[in-house]
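For reference, the chains in residue letters:
Number of protein chains: 2
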Amino acid sequence: MKSSLSLPIAVNTNILEMEYAVRGPIPMRAAELENRGMKIIPCHIGNPQALGQSPLSFNRQVLSLVEDPAKIARERALKNIFEETSISSIKESDFVSDDVLTASENILAKMKAGGTGAYTESKGERFIREAIADFINKRDLHPNPNSISADPEKIFLTSGASQGVKFVLDLLIAQNTDGIMIPIPQYPLYSATIKKAGGVQVNYYPDEDSGWTFDQSLLEDSLAKAKENGVTVKGIVVINPGNPTGAVLSEKSIRTVIDFAAKHQLAVLADEVYQENVYSGEFVSFAKVLGTGSVPLFSFHSISKGFYGECGHRGGYLEVRNPPKVQDSHLDFVDLLTKQASVSLCANTAGQILTYLMVSPPPEGSESYQKFIEEKNKVLTDLKDKATMIREAFFQMEGVECFGETGAMYLFPRLNKLPPGKTDFDYCMSLLETTGLCTVNGTGFGQQEGTSHLRIAFLPPQELLAQVLPEWIKFHNEYVG
Amino acid sequence: MKSSLSLPIAVNTNILEMEYAVRGPIPMRAAELENRGMKIIPCHIGNPQALGQSPLSFNRQVLSLVEDPAKIARERALKNIFEETSISSIKESDFVSDDVLTASENILAKMKAGGTGAYTESKGERFIREAIADFINKRDLHPNPNSISADPEKIFLTSGASQGVKFVLDLLIAQNTDGIMIPIPQYPLYSATIKKAGGVQVNYYPDEDSGWTFDQSLLEDSLAKAKENGVTVKGIVVINPGNPTGAVLSEKSIRTVIDFAAKHQLAVLADEVYQENVYSGEFVSFAKVLGTGSVPLFSFHSISKGFYGECGHRGGYLEVRNPPKVQDSHLDFVDLLTKQASVSLCANTAGQILTYLMVSPPPEGSESYQKFIEEKNKVLTDLKDKATMIREAFFQMEGVECFGETGAMYLFPRLNKLPPGKTDFDYCMSLLETTGLCTVNGTGFGQQEGTSHLRIAFLPPQELLAQVLPEWIKFHNEYVG
Numbered sequence: 001m002k003s004s005l006s007l008p009i010a011v012n013t014n015i016l017e018m019e020y021a022v023r024g025p026i027p028m029r030a031a032e033l034e035n036r037g038m039k040i041i042p043c044h045i046g047n048p049q050a051l052g053q054s055p056l057s058f059n060r061q062v063l064s065l066v067e068d069p070a071k072i073a074r075e076r077a078l079k080n081i082f083e084e085t086s087i088s089s090i091k092e093s094d095f096v097s098d099d100v101l102t103a104s105e106n107i108l109a110k111m112k113a114g115g116t117g118a119y120t121e122s123k124g125e126r127f128i129r130e131a132i133a134d135f136i137n138k139r140d141l142h143p144n145p146n147s148i149s150a151d152p153e154k155i156f157l158t159s160g161a162s163q164g165v166k167f168v169l170d171l172l173i174a175q176n177t178d179g180i181m182i183p184i185p186q187y188p189l190y191s192a193t194i195k196k197a198g199g200v201q202v203n204y205y206p207d208e209d210s211g212w213t214f215d216q217s218l219l220e221d222s223l224a225k226a227k228e229n230g231v232t233v234k235g236i237v238v239i240n241p242g243n244p245t246g247a248v249l250s251e252k253s254i255r256t257v258i259d260f261a262a263k264h265q266l267a268v269l270a271d272e273v274y275q276e277n278v279y280s281g282e283f284v285s286f287a288k289v290l291g292t293g294s295v296p297l298f299s300f301h302s303i304s305k306g307f308y309g310e311c312g313h314r315g316g317y318l319e320v321r322n323p324p325k326v327q328d329s330h331l332d333f334v335d336l337l338t339k340q341a342s343v344s345l346c347a348n349t350a351g352q353i354l355t356y357l358m359v360s361p362p363p364e365g366s367e368s369y370q371k372f373i374e375e376k377n378k379v380l381t382d383l384k385d386k387a388t389m390i391r392e393a394f395f396q397m398e399g400v401e402c403f404g405e406t407g408a409m410y411l412f413p414r415l416n417k418l419p420p421g422k423t424d425f426d427y428c429m430s431l432l433e434t435t436g437l438c439t440v441n442g443t444g445f446g447q448q449e450g451t452s453h454l455r456i457a458f459l460p461p462q463e464l465l466a467q468v469l470p471e472w473i474k475f476h477n478e479y480v481g
Numbered sequence: 001m002k003s004s005l006s007l008p009i010a011v012n013t014n015i016l017e018m019e020y021a022v023r024g025p026i027p028m029r030a031a032e033l034e035n036r037g038m039k040i041i042p043c044h045i046g047n048p049q050a051l052g053q054s055p056l057s058f059n060r061q062v063l064s065l066v067e068d069p070a071k072i073a074r075e076r077a078l079k080n081i082f083e084e085t086s087i088s089s090i091k092e093s094d095f096v097s098d099d100v101l102t103a104s105e106n107i108l109a110k111m112k113a114g115g116t117g118a119y120t121e122s123k124g125e126r127f128i129r130e131a132i133a134d135f136i137n138k139r140d141l142h143p144n145p146n147s148i149s150a151d152p153e154k155i156f157l158t159s160g161a162s163q164g165v166k167f168v169l170d171l172l173i174a175q176n177t178d179g180i181m182i183p184i185p186q187y188p189l190y191s192a193t194i195k196k197a198g199g200v201q202v203n204y205y206p207d208e209d210s211g212w213t214f215d216q217s218l219l220e221d222s223l224a225k226a227k228e229n230g231v232t233v234k235g236i237v238v239i240n241p242g243n244p245t246g247a248v249l250s251e252k253s254i255r256t257v258i259d260f261a262a263k264h265q266l267a268v269l270a271d272e273v274y275q276e277n278v279y280s281g282e283f284v285s286f287a288k289v290l291g292t293g294s295v296p297l298f299s300f301h302s303i304s305k306g307f308y309g310e311c312g313h314r315g316g317y318l319e320v321r322n323p324p325k326v327q328d329s330h331l332d333f334v335d336l337l338t339k340q341a342s343v344s345l346c347a348n349t350a351g352q353i354l355t356y357l358m359v360s361p362p363p364e365g366s367e368s369y370q371k372f373i374e375e376k377n378k379v380l381t382d383l384k385d386k387a388t389m390i391r392e393a394f395f396q397m398e399g400v401e402c403f404g405e406t407g408a409m410y411l412f413p414r415l416n417k418l419p420p421g422k423t424d425f426d427y428c429m430s431l432l433e434t435t436g437l438c439t440v441n442g443t444g445f446g447q448q449e450g451t452s453h454l455r456i457a458f459l460p461p462q463e464l465l466a467q468v469l470p471e472w473i474k475f476h477n478e479y480v481g
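Chains C and Y, in that order, are what the protein sequence lines are.
The opening position of the first sequence corresponds to residue 1 in my numbering, with each subsequent residue numbered one higher.
The opening position of the second sequence corresponds to residue 1 in my numbering, with each subsequent residue numbered one higher.
With the rest of the complex left out, here is chain C:
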């Protein structure tokens, strides 16, 4: 039989309607322009190594050896030979430190048989989950009388933070009247995942002019409105430090969220992937503020951000506190998250190892420590300086205001003046076409009606910024003028 032409197919409308601006029309147009030879500066996404940030030497040296274990013994043998002979063209610094060799051996010894080539447990390698628990306990100053310690059995290695978020939202959203509160503006992973799961996105609006802060009444208003519309709110998402706003939450704000969640029996989803990217103020974790409280807390971390920037390796973790029991079942959330992880078999092993290295950096006084700290500080200082350069450029752009502290990797300036009929989408598209600078319009993240914004990742090298910022200022003042 000859096959016939296929008809259009009805598909899952949730996927059809889902939007993901960070990889939407503006970045797609940028890719087209790049293929035609235009120089593009990709500031639409937090992808530091694509803009020249170097990976941490220690982490990559270890990963490299774990991927090819035969090289560990050889490296040691070569080091010995070069210590005994004097071959001038090879320097001691061409060899990895002894603690790199030891770390690689330790990882291989702790991994179940098969090293990086074997599936791990669905949740991820147990020793890595233990190291994550230690990292959390140390970060949150455990032991102290007001906290409980992290449990490796309630930690899941995930493919970036995104997979963990999906696991939790897919589970929480049981029907099409179930809603999840998210801050506006938000990272579009949340809106997209809620949409795909068939749930309701319930917006709450941190106050831009006061630096994206929020209080209980603002949360209560959002919840009340959702209830009026017949929505059962199941959880609240908080991104701290904020994406796209960069705002860093105070301990008081975190306490507000936890009390609100307790009062209304909500789960808290704390996206803490930018916990190392705080340039003023201090990061406080939800787990620390939760202490011995009984609110269900899901917190997410990632190797993609911080000073690691290992986006491509897709590593991260999800930590659960107070996993809720499941209605009409003897199971709890940890059981069902494990089942979901099982169907994907496991998080990729290179990402797992980089997650391990993120939570187990070279200890103070170790051979690799000095270099590690230098690399870390260089990245973080550079990010801060670049944010400052861009903020200063905003002062020369008519009607541009940028609120809040500097955190994460983004600035989210408000465009108070746009030509009649023009949106922030038009603005960002023109900015791209004119200067090659690829940003994302505020609409992609959500914003208060009547306002216009853009998000820019402050990642390009300073030399490049020094070159493009005057072009942007010129573009801007002509565009709005």
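Where hints are given, some of them may not hold.
Which copy is meant is left open, because identical chains are indistinguishable; a pair holds if it fits in one copy or across any two.
Think about it this way: if two alpha-carbon atoms lie no more than 27 Å apart in a straight line, the pair counts; the simulated BS3-like pairs of lysine-lysine are [said to hold, decoys possible]: (1) Lys39 with Lys227; (2) Lys227 with Lys166; (3) Lys112 with Lys39; (4) Lys39 with Lys110; (5) Lys112 with Lys376; (6) Lys288 with Lys91; (7) Lys288 with Lys138.
Calculated from the structure, these hints are not laboratory results.
Given chain C, put chain Y in place with the hints provided.
Same frame as chain C, but now just chain Y:
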């Protein structure tokens, strides 16, 4: 405010009801026993490196250098020094071949800025998708007048094959009356993913006694029954070579499926992850048989199987032919698959690189070729020998029959004799408790009512098999006797 104890939460019942036997109660019990010190032989899952299979040297050497690019120049410098001096403790074979260095450099040169640390395009690196298209064209003997060539823009790098399957099924299942035909027995990824997406699993039953073959009438019967029940069948899954059966489809059977799909306007999902694991007969791809036909075809491949066994690295691809248009939209399936891929950002880069190496092995005559072929043949010969050993043991087990050719990594023997009241689950659990051999009962894959089976992955080293098979025979004959 003090937080209060949280109540049980209503969750997505699809996840609650979803089952995934390959990581279900038997493997979970095995993990418990292992923690108590029992020696477990993990044959419940195709995880070759966990059972001693070595990764391919070429692939890992390249990956290792790509993860730590500074080592490439150093390796070259060291090689030169050792060629000029004579240090007896170091052999030439301690250095990687020149083509490993070249391959590593080429990959880094072709990757977009940032190497493995940067997000790639959502679909995966373009040069890898081009290499996959070349591989498919070569495999399917393109150009020939009856085929069309693969298109890199219709190829997606995925996290294992599983992620690609999920993307397609999540899209196809638009409502709870949409069904997907799957062979019984099947790999539980399919039943689990259909369940999670809220669709209907429509079984068809290849004929065990004739070696798991099937004809059109068998497919028509299954479809007719589904229609009677109000199910709209959207697609048909075929696993070739079969998992768990190992059956290898003939070109005629593939033609039957394609004609059937054309007649009923179904999409075909061809799981071809075991295409290198054919120990008798020949693998023919669905794309080759499809030729210039217009049936929508989604085919899946993976680095986890074959002679690579890189399960932990989570690499694979999805190739689309004749992407269907989407009803009430200007978009087609490639657009929507791209959107789904975007929300996960990209497949992990180490997995992408190993996928590239899978489709671009060292060419004949190259420096690394000989060793590559030796390693490949060793793995495949060993797998075949181990399957034979296990098949021979079955002859000594009362009432055990194993049908079909040997393919994939599994045998799926039928247990014709079980004690009254005992199921194949009971059998596998007792087998585990008695011998440490971890298999999965047939129920986990689905089976004709009234039959009992188990699946065993033929992966343990031959020495270990020689030791455990007599124990299994003894266990079996006592259990059923």
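Each hint, compared with the structure:
1. Taking the shortest alpha-carbon separations for lysine 39 and lysine 227, neither the intra-copy value of 49 Å nor the inter-copy value of 55 Å comes in at or below 27 Å.
2. Within a single copy, lysine 227 and lysine 166 get their C-alpha atoms as close as 24 Å, which meets the 27 Å cut-off; across copies the closest is 33 Å, which misses it.
3. For the homomeric pair lysine 112 and lysine 39, the shortest alpha-carbon distance between copies (13 Å) is at most 27 Å, but the shortest distance inside one copy (46 Å) is not.
4. Taking the closest pair of Cα atoms, lysine 39 and lysine 110 come within 27 Å of each other only across two copies (17 Å); inside a single copy the shortest separation is 45 Å, beyond that limit.
5. In this assembly of identical chains, the alpha carbons of lysine 112 and lysine 376 lie at most 27 Å apart only when taken from different copies (24 Å versus 31 Å within one copy).
6. In this homomeric assembly, lysine 288 and lysine 91 never come within 27 Å of each other (Cα to Cα): the closest approach is 46 Å inside a single copy and 54 Å across copies.
7. In this assembly of identical chains, the alpha carbons of lysine 288 and lysine 138 lie at most 27 Å apart only when taken from the same copy (11 Å versus 57 Å across copies).
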